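Asks: Residue numbers (the working numbering), protein chains in the order written: chain A, 676 to 1000; chain B, 676 to 1000; chain C, 676 to 1000; chain D, 676 to 1000.
The reader is advised that the hints may include incorrect statements.
[Stated by the list, open to error] Below 25 Å or equal to it, Euclidean Cα-Cα: the simulated DSS-like pairs (lysine-lysine) are:
{"id": "1", "chain 1": "B", "residue 1": "K858", "chain 2": "C", "residue 2": "K860"}
{"id": "2", "chain 1": "B", "residue 1": "K711", "chain 2": "A", "residue 2": "K711"}
{"id": "3", "chain 1": "B", "residue 1": "K860", "chain 2": "C", "residue 2": "K858"}
{"id": "4", "chain 1": "A", "residue 1": "K860", "chain 2": "D", "residue 2": "K841"}
{"id": "5", "chain 1": "A", "residue 1": "K812", "chain 2": "A", "residue 2": "K841"}
{"id": "6", "chain 1": "C", "residue 1": "K755", "chain 2": "D", "residue 2": "K711"}
{"id": "7", "chain 1": "D", "residue 1": "K923", "chain 2": "A", "residue 2": "K841"}
{"id": "8", "chain 1": "C", "residue 1": "K781", "chain 2": "D", "residue 2": "K755"}
{"id": "9", "chain 1": "A", "residue 1": "K858", "chain 2": "D", "residue 2": "K858"}
{"id": "10", "chain 1": "B", "residue 1": "K841", "chain 2": "C", "residue 2": "K923"}
{"id": "11", "chain 1": "B", "residue 1": "K841", "chain 2": "C", "residue 2": "K860"}
{"id": "12", "chain 1": "B", "residue 1": "K858", "chain 2": "C", "residue 2": "K858"}
Read the hints as simulated data drawn from the structure, not as lab findings. Quick caveat, the model's predicted, so the values are computed rather than measured.
There are 4 protein chains.
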Amino acid sequence: MMLSLEGDRPLDLVTLGRACIDLNAYDYNQPLERTKTFVKYVGGSPANIAIGARRLGLRTGMIAKVSDDAMGRFVVNFLKEVGVDTSGIVVDHDGHKTGLAFTEIKSPTECSILLYRDEVADLYLSPGEIHEDYLRKSKILLISGTALSRSPSREAAFYAAEVARKHGTRIVFELDYRAYTWKSKYEPMVYYTLMARLADVVIGTRDEYDVMEGGRGQDEVTASQLLAYAPSIVVIKHGVDGSVAYTKDAVVRAQAFHAKVLKTFGAGDAYASGLLYGLISGATLERALALASAAAAIVVGRHSSSEAMPSLEEVESFMNESRER
Amino acid sequence: MMLSLEGDRPLDLVTLGRACIDLNAYDYNQPLERTKTFVKYVGGSPANIAIGARRLGLRTGMIAKVSDDAMGRFVVNFLKEVGVDTSGIVVDHDGHKTGLAFTEIKSPTECSILLYRDEVADLYLSPGEIHEDYLRKSKILLISGTALSRSPSREAAFYAAEVARKHGTRIVFELDYRAYTWKSKYEPMVYYTLMARLADVVIGTRDEYDVMEGGRGQDEVTASQLLAYAPSIVVIKHGVDGSVAYTKDAVVRAQAFHAKVLKTFGAGDAYASGLLYGLISGATLERALALASAAAAIVVGRHSSSEAMPSLEEVESFMNESRER
Amino acid sequence: MMLSLEGDRPLDLVTLGRACIDLNAYDYNQPLERTKTFVKYVGGSPANIAIGARRLGLRTGMIAKVSDDAMGRFVVNFLKEVGVDTSGIVVDHDGHKTGLAFTEIKSPTECSILLYRDEVADLYLSPGEIHEDYLRKSKILLISGTALSRSPSREAAFYAAEVARKHGTRIVFELDYRAYTWKSKYEPMVYYTLMARLADVVIGTRDEYDVMEGGRGQDEVTASQLLAYAPSIVVIKHGVDGSVAYTKDAVVRAQAFHAKVLKTFGAGDAYASGLLYGLISGATLERALALASAAAAIVVGRHSSSEAMPSLEEVESFMNESRER
Amino acid sequence: MMLSLEGDRPLDLVTLGRACIDLNAYDYNQPLERTKTFVKYVGGSPANIAIGARRLGLRTGMIAKVSDDAMGRFVVNFLKEVGVDTSGIVVDHDGHKTGLAFTEIKSPTECSILLYRDEVADLYLSPGEIHEDYLRKSKILLISGTALSRSPSREAAFYAAEVARKHGTRIVFELDYRAYTWKSKYEPMVYYTLMARLADVVIGTRDEYDVMEGGRGQDEVTASQLLAYAPSIVVIKHGVDGSVAYTKDAVVRAQAFHAKVLKTFGAGDAYASGLLYGLISGATLERALALASAAAAIVVGRHSSSEAMPSLEEVESFMNESRER
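Bound-form chain A, shown alone:
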């Protein structure tokens, strides 16, 4: 096993960051301005990962801040229904809203998102709302990079990382870069770098690492610079060209599976779910990457990002079928 974990804790994984609403075009293959009907799903990368990892069999929970309205209640209710622990979720009482993402699916390769993220509740998560006890209950804390984009959520994330380290809770940092809420190119450079060096596992696309480094970088350099600090695994994703994981001793590469693509959203969240399932269940890094890639390939063929998360059976049967082809 690549990542030594504290045993015997009631939760395998707690994710920290946004829990939002996706409003997915019901009729796709047309521009958003012509779309008339939308279907509402829970969304947001860390919420999707908590759901996806739960679907795969892990015991998961979430640290988040949601609005005190129908949208916030919808998010919490859905997480509860699928078995994600919501005792770490706080309700905002200052009128901040739950973020929205309207998805536009013009074609499988032309997907875009229209975000409503001004003054959203998740960015108002504050350090005082992070509970030491809750972090001590979980083997892993996953921090979403978007949580670093604004104060006080930014400080909440760093504070949670500090508390996690103190209690032996491993830290996974998912870069999860969304340009929208950052104020300058320097902000993600500074805070991604500080957080990545604190984490045990770092996951991101090549483009996201480039944002962190402030320019076009190379995988080996990125990995070796991070492995000089706390990280023991650095995962770099290249879309259809597969992904690669670096450790101090090894480099492991994984192919992307061929998939019938409906939209690209949610692929990264499914990937992280599969990877973490692998790492927590004690799989080899090779198998963890394969599980990650398979979960991603399944989600891109489905309409939502959260409800679409596959079960372990689905992932395994998908992997078997792919192997046979």
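Take the given structure of chain A and dock chains B, C and D to it, following the hints.
Replies: For chains B, C and D alone, coordinates are given in the frame of chain A:
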């Protein structure tokens, strides 16, 4: 005719204020947090009034600011399609979004709205975006009270009123109070009072006049205080109990029509459309109020507020049928 | 008497707006960046006018918001010492500071001010801090235009004007334009126009009226437009070229006195003090303007704006001496 | 020598953070609200340290942002006059002001400061204004903790630290905690901890380390926690009870000198100047702490914090005299 209008102008009515998106629950009679499917419509009181008055046969236009995205384009395209002049609409280039209203229709009498109005484009309409030429083209400028809730839209509305007065364009002030964007109870008191005294016609519900006056008021007092300034007609609405119009010489009362109510949204906008159609077409005040009430009664039975606006034929046939019952 | 006043009230004049700190260069005739020593005085136009009118013999008070620190206490203590009623002054408990003005006196004709007015306490005066009883106690309420430059002070000023009118307290509007805190050229146009039309007396320099009108205007036009609303006296100042007052029936002009000029600050505040003393004491408009001009001529030869305010004896003796020359 | 430095660089020390104005009461021993006359000095901890270290003979420079007005020009001119390199100082063109500190000296033990630091220019220093070349020119970069209190100055400081490390420029972190500009107790906890672990030398009072740790701590624990990361020297100050420096191998304690105290301001800045002079000139840690303590003891007996900084001769003669007593 109660309101003397400049003749021979290319537009009858220009409305100033928000043009937004309504996301109406597709399956009503359930709480919003359970609603999964939403249908998108153009919304916002002044947009609805421009649409409603156009449907009744007036030549209408709009002064508004919309987002530079699919939502803004949807709004402008819809207005164009139904024949509302959009040459007074400006596009925001600072990243502000078009406002959203999620409607919850639990039952005909339990309707509520969840608003996304943080930093919305319409409140960033600025005085420099008000064009004197455009105001000179119209017989009437209708100002929505919500435009007064924030700077610079607040100054844009007062500036537009000043320019309108200079060119003999009559001013209609629709109180259109939405608690959400105001910072204190004093703000609407101060700015509603200042604007109402500048207007030729003032339209609002009893509750809205109470907000303006800072306490429970009486119709005759409200009317006589305003008629001492510029207004020549003061219309006060009492929901199912009908409405009343005061002029310097007369008091005219109108019954509400019996209606099959689906939801209450949009009733006020249809009312204003009917009233303005009456005033502009030279009807008596009695008939103008009747047209207003009939248009309102039709809209409450339909799913949207904008697309549901009735034609003159529909209004007249509804009035005939009601009379026969 | 030009202005009918309610008799028998405990205060003659209450001024509303900023009470600040002037830090005047001790060694003048040099640029501010070389100045090492500063002397602290109370400043801010409405504070200076309350002090100046008191010095002339009126019973004056002030409605203001000051910081909860040594600067705020200094202001209140000084006002008390010179006999200005401070019971209408509230203390800010949200950490806002008292504004500062560093004066640079390079030469009698090259004076400039460096203002510290970000988030100052006076602009946080709110309508809920305006007491009806206090306004009912005074014959006149003077509103400083700078109070209109930001919310909630802006609403507080309009609310106070409304309450004053209700109780027969006359309203004097001193345009007092300071570019610093306004966000666009339209804001002073809109709010100065709205307030000037509500006032009984309007006082300003030609430049200030031009800001209000949005372009270069003419005295007679400015006056006639305002006299069509509530104002009964419109005073327009032309610096060394004298000043002129318009009423519905008359035009009265006054020469500026020859003065030994040290700096130009404070002249306008002394002018207003003298004018109001004249109006309240029942002088003719001619004599009121002469008192105003004499008070201004005295202050420009002294180091401060507040402590320099002359007594009635000083003003009268100055007028006599000037006449003899 | 405790700190290995890159040799042969044109500057010994560059400080990063605020360069402000102190307005010191001319007549002390009275409360600020009675003080009428103030004398203007350059102030701000990193400015004072650049000046103090220069006075001791080091070649120093500063990275700062100042206002585009007489105050900003005064600061830059003074730094130039005393020989501090100002080529790293940028001028703010967005209207932000230079911070002010009014000092109140009631008695030698009752000193307080009234700060004007809303929207000040120094907190608007941005990462794009940090020049790699400039950092490469200096042996040491000193970062003031106050620079971490707000964005974008916060990111500028972390970015500068990263660039410094890349070029072998040693990092000194002076905690310099001023409660005023921080928004919560968690912000300094999070950012002080992140920065302290990046630095080679950390300097602060016991109280400042307690702010960083979020509670009452102990010197040995504080030191050992930091020495596990980048720092090689951790200096903790205890006011009149002396100071202590921890390295991986040693603990060095220094007595405070007896001093005739006029006010307490500036002592910490003089201390840092003396310490850095010692470290850079290759003194033992014992002598560096003694130089630091002596410089501090001299400054507390003088009126300003910047102009009062002693020369090396003054420090040495003070140390000799103290020894003889």
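Asks: For every hint, state whether the structure bears it out.
Replies: Now the hints, each set against the structure:
1. Distance hint between K858/B and K860/C is fulfilled; the C-alpha atoms sit about 24 Å from each other, no more than 25 Å.
2. For the hint linking K711/B to K711/A, the alpha-carbon distance of about 14 Å falls within 25 Å, and the restraint holds.
3. As the CA atoms of K860/B and K858/C are separated by approximately 24 Å, the hinted pair is consistent with the 25 Å bound.
4. For the hint linking K860/A to K841/D, the alpha-carbon distance of about 19 Å falls within 25 Å, and the restraint holds.
5. Distance check on the hinted pair: K812/A and K841/A sit about 13 Å apart at the alpha-carbon level, within 25 Å; holds.
6. A hinted pair counts as satisfied when its Cα atoms are at most 25 Å apart, and K755/C with K711/D qualifies at roughly 17 Å.
7. A C-alpha spacing of about 22 Å is found between K923/D and K841/A, which places the hinted pair at or below 25 Å, so the restraint holds.
8. Taken as a hint, the K781/C and K755/D pair is honoured in the structure, with Cα atoms around 24 Å apart against an allowance of 25 Å.
9. Taken as a hint, the K858/A and K858/D pair is honoured in the structure, with Cα atoms around 19 Å apart against an allowance of 25 Å.
10. Restraint check for K841/B and K923/C: the C-alpha separation of about 22 Å stays at or below 25 Å, so the hint holds.
11. Between the alpha carbons of K841/B and K860/C the distance comes to roughly 19 Å, so the proposed pair stays at or under 25 Å and holds.
12. The suggested pairing of K858/B with K858/C holds, with an alpha-carbon distance near 19 Å, which does not exceed 25 Å.
When the structure is compared with the earlier hints, no violation turns up for any of them.
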